[in-house]
Amino acid sequence: MDSLNPDHPPLVETPALPRVWKFWGTALWGLGIFFAMFVGQLGAVVLLVGLRGLPMDLASVQVVGREPQALALSVIMGLPATLAAVWLAIRIKKASFADYLALYWPSWRQFLLGAAGLLLTVLAWEVVSRSLGREATPGFMTNLLKSGRDNGAALLMLFAFSVAAPMSEEVLARGFLFRGWSESFLRVPGAIILSSLVWTAVHLQYDLYFLAEVFSIGLWFGYMRYRAGSLWLTILLHALNNMTAVVLTMWLGS
121 MDSLNPDHPP
131 LVETPALPRV
141 WKFWGTALWG
151 LGIFFAMFVG
161 QLGAVVLLVG
171 LRGLPMDLAS
181 VQVVGREPQA
191 LALSVIMGLP
201 ATLAAVWLAI
211 RIKKASFADY
221 LALYWPSWRQ
231 FLLGAAGLLL
241 TVLAWEVVSR
251 SLGREATPGF
261 MTNLLKSGRD
271 NGAALLMLFA
281 FSVAAPMSEE
291 VLARGFLFRG
301 WSESFLRVPG
311 AIILSSLVWT
321 AVHLQYDLYF
331 LAEVFSIGLW
341 FGYMRYRAGS
351 LWLTILLHAL
361 NNMTAVVLTM
371 WLGS
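So the number in the numbering used here is just where the residue sits in the sequence shown, counting from 1, plus 120.
Derived by calculation from the structure, the hints in this document are not laboratory data.
Bear in mind the structure is a predicted one, so any value in this text is a computation, not a measurement.
Note that the Cβ used here is the ideal one computed from N, Cα and C, for glycine as well.
Certain hints may be false.
Stated by the list, open to error - Derived EDC-like pairs (lysine to aspartate or glutamate); straight-line CA-CA distance at most 20 angstroms:
#1 Lys-266 <-> Glu-255
#2 Lys-214 <-> Asp-270
#3 Lys-142 <-> Asp-219
#4 Lys-266 <-> Glu-187
#5 Lys-142 <-> Glu-303
#6 Lys-213 <-> Glu-303
Unchecked claim - FRET-style restraints, in silico, Cβ to Cβ:
#7 Val-322 <-> Gln-182: 18 to 28 angstroms
#8 Ser-336 <-> Phe-155: 21 to 31 angstroms
#9 Leu-162 <-> Arg-229: 38 to 48 angstroms
#10 Ala-321 <-> Leu-178: 21 to 31 angstroms
#11 Ser-216 <-> Thr-364: 29 to 39 angstroms
#12 Val-334 <-> Phe-155: 35 to 45 angstroms
#13 Leu-317 <-> Lys-213: 20 to 30 angstroms
#14 Val-183 <-> Asp-270: 15 to 25 angstroms
Kindly generate the complete structure, drawing on both the sequences and the hints.
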């Protein structure tokens, strides 16, 4: 048998590495994924406008979109749209969805390290905010969350901002974008920085001060995504950060 013949060793198939979108492919697909997220969010508001029998125009969409319940629902509906677009991009490359996004559970040690770094980052910004006489939370978010609480949408908003938003944003930034860009000429450091910038751009409703805070948190999430090799870790950290902010604002804040 050839398998026992040293002159004819058995052939060993080397498993092919998963195909990954590189810099421009990741960038273009990232735009498409963001557009899909936007369409999903907008579609939820348009649906509410139709169900209420309001005129289907921009004014009605703007009015309904400002309501806490509608905003929470739009954030929730952005999640399936984001996942569908990411799945399509990965499917075209014939790669595993879980492998491409590093959907692996972290260890407790990795989670505690990530949480500790997040806590230190948030506390540092809290100290800076107090020294500058600034609010630790954007005023419009405080008003939105408290309005949702008073109008019976507290749990819906808690789910939207603590589950749906972290999953959508992490799948896009630390999942799809980081994976592709880290295997391009940017390598890991460039991918962490650029994906953090994109994540920060998603929060353009904030002023420059809060955008700087978001960017610094994004850098820490990116580092933990690389160190742990787990997107679930950054999803959990993101959810923890948002849930703490929502709970403190809606129920414990003055």
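Here is what the structure says about each hint:
| no. | hint | result |
| --- | --- | --- |
| 1 | Lys-266 <-> Glu-255 | 15 angstroms, holds |
| 2 | Lys-214 <-> Asp-270 | 48 angstroms, violated |
| 3 | Lys-142 <-> Asp-219 | 16 angstroms, holds |
| 4 | Lys-266 <-> Glu-187 | 12 angstroms, holds |
| 5 | Lys-142 <-> Glu-303 | 7 angstroms, holds |
| 6 | Lys-213 <-> Glu-303 | 14 angstroms, holds |
| 7 | Val-322 <-> Gln-182: 18 to 28 angstroms | 20 angstroms, holds |
| 8 | Ser-336 <-> Phe-155: 21 to 31 angstroms | 27 angstroms, holds |
| 9 | Leu-162 <-> Arg-229: 38 to 48 angstroms | 41 angstroms, holds |
| 10 | Ala-321 <-> Leu-178: 21 to 31 angstroms | 23 angstroms, holds |
| 11 | Ser-216 <-> Thr-364: 29 to 39 angstroms | 33 angstroms, holds |
| 12 | Val-334 <-> Phe-155: 35 to 45 angstroms | 21 angstroms, violated |
| 13 | Leu-317 <-> Lys-213: 20 to 30 angstroms | 24 angstroms, holds |
| 14 | Val-183 <-> Asp-270: 15 to 25 angstroms | 19 angstroms, holds |
In terms of the numbered hints stated before, the structure departs from hints 2 and 12, listed from lowest to highest.
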